[in-house]
Amino acid sequence: MTAMDDFQNEIRAKVSAALKDMGADGTGFVIEASTMEGVDMAVPCFPLAKAMRKAPQAIADELATRIQPSGMISKVTSVNGFLNFNIDPEFLIKSTLDEIVEKGGEFAYLPKTGKRVNVEHTSTNPTGPIHVGRARNPIIGDTLARCLLRCGNEVTTEYYVNDVGKQVVVLTWGVNNVTDEEAAKNSEEHMKEIGQNEKERDKTDHKLVAKYRVANKKLETDPAVQTEISEMMRRFEQGDSEVIDTVRHTAEIMLDGLKETLGNINVSLDRYTWESGYIADGSARAIVEDLKKSEYAGQTDDGAWFVDLKDFGVQGKNTKFTFTRSDGTTLYTTRDLAYHTDKFTRSDRVIDVLGEDQKLGSKQLCSALEILGSDKQPEPLFYAFVSLPEGKMSTRRGVVVYMDDLIDEAVARAYDEIKSRRQDMPEEKMRDIAKVIGVAAIRFNIVRVQPEKQFVFKWEDALNFDGNSGPYIQYVHARACSTLRKAGTFKHDTDASKFREECEINLIKTLAKYEETIRLAGDEKRIHMLPAYAHELASSFNQFYANVSILNSEDLRDARLTLVECTKTVLADVLDCLGMGAPEEM
RNA sequence: GGGCUCGUGGCUUAGCCAGGAUAUAGCGCUGGCCUUCUAAGCCAGACGCCUCGGGUUCGAAUCCCGACGGGCCCGCCA
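The opening position of the first sequence corresponds to residue 162 in the numbering used here, with each subsequent residue numbered one higher.
Honestly, the hints are just simulated from the structure, not real lab data. For glycine and all other residues, C-beta sits at the position ideal for the given N, C-alpha and C. You may find that some hints are simply not true.
[Claimed, not checked] Just the calculated beta-carbon pair ranges, DEER-fashion:
1) Y493 / Y270: 34 to 40 Å
2) Y493 / T196: 15 to 21 Å
3) G187 / G232: 20 to 26 Å
4) E251 / T274: 51 to 57 Å
5) Y493 / K553: 20 to 26 Å
Between the sequences and the hints, there should be enough to build the whole structure, so can you do that?
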């Protein structure tokens, strides 16, 4: 419970009582954060006008005279039909600072819910390196998981590895049949195509994808290769463990490269679940049998099974959702049903972070789960794809920016920046800090935009270290650390009378908003609120820092240092929640 | 063709779901500030028919309908 919550509850009680006195008992009203300068909360009186048969301004005026400032309410005014309230700054300052001093980094950890929340994210096909077109997935998923943890949940993050199907079979064939020379030649051509002069990097995902590209080319032109791959596919479908194991092994090697990339942007997942597992354990089969019994089930002339979803809000010319091939084998979607059924047994809430191309598939999945009698549904979180100014990202057309290249570029840029301003720092330390800053710039740049909005990747934005950026937030943290370092020891002073400057009160109000921001970002999956909050907090601190003297402020020194420390504490947690490091100097 | 989604200063973006006061912030632009604790900073300024047209409402960027423009999807692929 934050100071603002208490404040709001008090307003609610007082306004309700006043309305009762005015003979309008039980009339509904809302309390909202005011947009007006110098006002904290407001009750718009327009909706009351009709029920009370009185002008909004008259209602506001009367309420204002009936409600006396007391408790947390320091001021009540009536302006333009709004009943405005101000929080008692003494109360706000004391309670906010005391709470941060007492709880430290766990200031905004909400009470335990006892709920197990599963966040599935990334889950890209293990057939090539992660490119920026898909970069939103791990960053959104990882940030959301960190928010949900702070919302009191037990969180598990999970990657669903697609080690079934033609793509991974082609990859496997390539890994086992394409020579290193062929791969090297292809790699060279590819790098030329995407406009880079360097050699393709020595990393398993980049090495394997060259063989995948060669395999795909051969598949198009060489009938012998077509036959070999078809044979592998056939054996795979029949459950031939030799083929299945080989494919899985290949996917594992590819995944090692992907994990390395993810690790570099501070994303690590708790669990990797293999699609092939749902064939092996028979659970996909069981889904097929259950669905066949449903009243919505049917069969095509060729014998493929489907459920008709036209009663489930699925629109269009074809409402049939196919769950077996005509030969009876399962499809991706069938295995996905088994996968979700499995997730439900080990989670109370299941969240899927998905590209917007999965919207229809996700809806079909939900409908099929309903048919299966599932009492739970996954909550999808969709994001629009990242494109380049020249258009949609496509490895084949050579229009692609790899995540690994973006990371290198951002780190190099951060290194130049730090080198130009810190001659005193040892080389190794500069390298370490550059990495932390570069990665923060990337993550911040991606989470700051609402997931459903299209995102055009621009190098100048990704490498922007000013203003609304990751490094801006980190810079403020470093400033606070530096100030505290210079200060040495001091005594916590949360005496509200010591904070008289507008910039101080504003900063404390911003600190008080952190808990609510975490709740919105986590429970309501609005993670883009978090970078906006981080910027607001950092900006408030910079204003405070520029306006008042801290170390030479005599009897206010301890109080101001306490505020610096509290800000540092909250900033460190916001940065962590965003998956960004909090360097103590930069 | 059908469905889903986005459209806010030159560019990027918050607010929209739960309609209210002067539409949020950043980049870029113009001007000022390092003899004070990190100038990746601070201060001041210019820049908006909130895509367009209707409707609902005391009140619409926000809700409804329609148009236009961008994106995504409509496999016995994964």
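Hints and how they fare:
1. Against the hinted window of 34 to 40 Å, the Cβ-Cβ separation of Y493 and Y270 comes to about 38 Å, which satisfies the hint.
2. Separated by about 48 Å at the C-beta atoms, Y493 and T196 break the suggested range of 15 to 21 Å.
3. For G187 and G232, the hinted distance range of 20 to 26 Å is satisfied, since their beta carbons lie about 23 Å from each other.
4. Taking 51 to 57 Å as the suggested C-beta distance range, the pair E251 and T274 does not conform, at roughly 33 Å.
5. Here the CB-CB span from Y493 to K553 is close to 23 Å, well matched to the stated 20 to 26 Å.
Hints 2 and 4 from the earlier list are contradicted by this structure; the remaining hints agree with it.
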